[in-house]
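Whole structure, please, built from the sequences with the hints as guidance.
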Amino acid sequence: GAGVSQSPRYKVAKRGQDVALRCDPISGHVSLFWYQQALGQGPEFLTYFQNEAQLDKSGLPSDRFFAERPEGSVSTLKIQRTQQEDSAVYLCASSSDPTSGIYEQYFGPGTRLTVT
Amino acid sequence: GENVEQHPSTLSVQEGDSAVIKCTYSDSASNYFPWYKQELGKRPQLIIDIRSNVGEKKDQRIAVTLNKTAKHFSLHITETQPEDSAVYFCAASAPRSNDYKLSFGAGTTVTVRA
Chain A
183 GAGVSQSPRY KVAKRGQDVA LRCDPISGHV SLFWYQQALG QGPEFLTYFQ
233 NEAQLDKSGL PSDRFFAERP EGSVSTLKIQ RTQQEDSAVY LCASSSDPTS
283 GIYEQYFGPG TRLTVT
Chain B
1129 GENVEQHPST LSVQEGDSAV IKCTYSDSAS NYFPWYKQEL GKRPQLIIDI
1179 RSNVGEKKDQ RIAVTLNKTA KHFSLHITET QPEDSAVYFC AASAPRSNDY
1229 KLSFGAGTTV TVRA
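Sequence lines, in order, name chains A and B.
Using the working numbering, read the first sequence as starting at 183 and increasing by one per residue.
Using the working numbering, read the second sequence as starting at 1129 and increasing by one per residue.
By construction, these hints were calculated from the structure, which means they are not laboratory data.
Check the hints yourself; a few may be wrong.
[Claimed, not checked] Covered stretches of chain B, going by a simulated chain A footprint (3 or more residues, C-beta under 8 Å): (1) 1163-1174; (2) 1201-1211; (3) 1217-1224.
[Said to hold, decoys possible] Interface residues of chain B toward chain A, partial, derived using beta-carbon atoms under 10 Å: (4) Q1134; (5) Y1160; (6) Y1228.
Cβ atoms here follow ideal geometry from the backbone N, Cα and C, with glycine treated the same way.
Structure follows, in structure tokens:
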């Protein structure tokens, strides 16, 4: 079946611009995660949704970062007033239902954001 | 929060030899430990995982071991092949504590020499 998809795959933004990154999880997956991966590093957690509820946003680095999942399916990560330090690959992952003991997370291809 | 350390950062092995990557974690509440393989420019791919109620799990040429007392877990790849060349990440989470986010190690770049 179709895996997790993300768009755009690449985004170049001038410093100060707002960007919106989209994630389409695997159909029927209840949980959705956003991670940030800097070059040469492991992914770092940003935020987590269970259906439409944002249950954990402890990893968002500043109030310029905002995520939503209004209908419990597609999610958007928005970054306002982008800064150079926001340059990274933004990964989305979905999980079937971790509250039922299904913990596996499946990742999308990521969006590579470059802020110039 | 959870802190996962991973060693070595790079590993070069001859084709056919074994590769071992080791990780340690800090949070005793962690009980789910997946391993991901990431090829250059590609998505992280789940290759194997282990839960704290087992000590070892195998899937063909890949095995993972867990020592809860020492807070160590390791990935073993036997009979390595050139297609095993990639960056491997270990991770940990504590889903039984309703903490589902993954904390990742910094990664190991594995190169299999033909």
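Comparing the hints with the structure gives:
1. Judged by the Cβ-Cβ criterion of 8 Å, the stretch 1163-1174 of chain B is covered by chain A as claimed, because 6 of its residues qualify and three suffice.
2. Residues of the stretch 1201-1211 of chain B lying with their CB closer than 8 Å to a CB of chain A number 0, which falls below the three-residue condition for coverage.
3. Figure legend: the stretch 1217-1224 of chain B, annotated as covered by chain A; annotation consistent (4 residues with Cβ-Cβ distances under 8 Å, at least 3 required).
4. For Q1134 (chain B), the interface hint holds, since its Cβ comes within 10 Å of a Cβ in chain A; the closest pair sits about 8 Å apart.
5. The interface hint given for Y1160 (chain B) is met, as the beta carbon of that residue sits about 5 Å from the closest beta carbon of chain A, less than 10 Å.
6. The beta carbon of Y1228 (chain B) comes within 5 Å of a beta carbon in chain A, closer than 10 Å, and the hint placing it at the interface holds.
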